[in-house]
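Participant: Here the protein sequences line up with chains A and X, keeping their order. Going by the numbering used here, the first residue of the first sequence is number 25, and it counts up by one from there. Going by the numbering used here, the first residue of the second sequence is number 25, and it counts up by one from there.
Since the hints were derived computationally from the structure, they do not count as laboratory data. For each residue, glycine too, the CB sits at the ideal point set by N, CA and C. Honestly, I wouldn't trust all of these hints.
As the list claims (entries may be wrong) - Derived coverage of chain X by chain A (criterion: at least 3 residues anywhere in the stretch with Cβ under 8 Å from a Cβ of chain A; other residues may be distant):
1) 48 to 59
2) 181 to 187
3) 222 to 234
As the list claims (entries may be wrong) - Taking lysine to aspartate or glutamate and the EDC-like style, the derived pairs with C-alpha atoms no more than 20 Å apart in a straight line are:
4) X:K127 <-> A:E104
5) X:K105 <-> X:D81
6) A:K127 <-> X:E104
7) A:K105 <-> A:D67
8) X:K68 <-> X:D158
9) X:K127 <-> X:D81
Number of protein chains: 2
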Amino acid sequence: MKNQEALLQLFIDILEKEAKPDDAGIPLGISNRHIHLSQNEIDKLFGKGHQLTKIKDLSQPGQYACKETVTICGPRGVIEKVRVLGPARPATQVEVMTGDCFKLGISVPVRQSGEISDTPGITIIGATGSVEIDRGVIVAQRHIHMSPEDAHAYKVRDGERVMIKLASERGGIFDNVVIRVSSKFRLECHLDVEEANAMGLNSKSKVYIIKNNQEEM
Amino acid sequence: MKNQEALLQLFIDILEKEAKPDDAGIPLGISNRHIHLSQNEIDKLFGKGHQLTKIKDLSQPGQYACKETVTICGPRGVIEKVRVLGPARPATQVEVMTGDCFKLGISVPVRQSGEISDTPGITIIGATGSVEIDRGVIVAQRHIHMSPEDAHAYKVRDGERVMIKLASERGGIFDNVVIRVSSKFRLECHLDVEEANAMGLNSKSKVYIIKNNQEEM
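So that you can see chain A by itself, here it is in the shape it has in the complex (with noise of 0.2 Å):
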């Protein structure tokens, strides 16, 4: 085994080098439970016409944590004090924890976000309503935002799908790793809380490229 252990050592190494553009590593954001919220749905729970009330910014521009929470209800349970973010979103969507599923009694696919079609409902309680939206509940595709220029230093196109190594105690390498390029986005990875603690992670960890299933550009 000796051998092939170095030569795959290797291999990784050169993968490493070729598609990581420096050695600083890509920004680790980890995401805990969280909703986003149209603005119909606004008006439900908060009173009509009520504006989100921005408490701090997030990393991605233009994307910010409120100081409103909801409490949201499946058949089996209740998850309360869940993070309403900003700005409103054409779409109600609910990031959940694959572990909140058990909890809540449903079953929910892991989605990229925006994608929620065929994903399961739930009912939502806020401070002065609640709302049955009937889908929208999400497990997040783990994924890296990017701009158009670090998509290119990356050698990666949006859509495409990477390996990222975790380089801790606990470490190991994530697949099916979704890249996102806009002009809007900051470098980022984003990971949930789960993904993060079985890789021994923190809002400090650097995640590193490893492999790209692309064709040649």
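Given chain A, put chain X in place with the hints provided.
Facilitator: Only chain X this time, still in chain A's reference frame:
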């Protein structure tokens, strides 16, 4: 990149074939938070001379889930209904998820079972009393139980760390998986709930050793 990736895949395939006696994979056991108690603690929590009540055998021979549960209390919060696993052990040990540490308000190291020096303590509440242990809370190091015969077949040694491949929609590789060999063990990989969720695994999933760091045997 293309040729290098093809070569990398080739080497992974070779290593998989070498390290894997057959294609069936290693069964997965997913551990939720739980506690092992010494008879001294059982006496304090459930009454002098109390005997644990088995409700279900676990996959490792002689180990079982008990009817008894406890509440564990940290400086920031409590977690109820923590399952007691039997039989009684020489030292009490609490195994929690990384996510539990935030709720409890304690910092917990990743450790192998039994390695509880320099670990935090916690307050435990049972049916008839409570006890404060000064150490014994760990996050379980991921590991694979196997018999000496399995170890021979997989070409691994007790205490060795290997990588495992997880094939799923959220797949990837976990590094630093400790091999634990005993004639009392049945072949099974143990991950905690957060690790399983991060990789989209369930109790029917299989794991595959893809690399080991040993010298030639």
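Participant: Each hint should be assessed against the structure and marked as holding or not.
Facilitator: Hint-by-hint comparison with the structure:
no. : hint              : result
1   : 48 to 59          : violated (count 0)
2   : 181 to 187        : violated (count 1)
3   : 222 to 234        : holds (count 3)
4   : X:K127 <-> A:E104 : holds, 14 Å
5   : X:K105 <-> X:D81  : holds, 19 Å
6   : A:K127 <-> X:E104 : holds, 14 Å
7   : A:K105 <-> A:D67  : holds, 18 Å
8   : X:K68 <-> X:D158  : holds, 15 Å
9   : X:K127 <-> X:D81  : violated, 30 Å
Checked against the numbered hints given earlier, the structure breaks hints 1, 2, 9 and satisfies all the rest.
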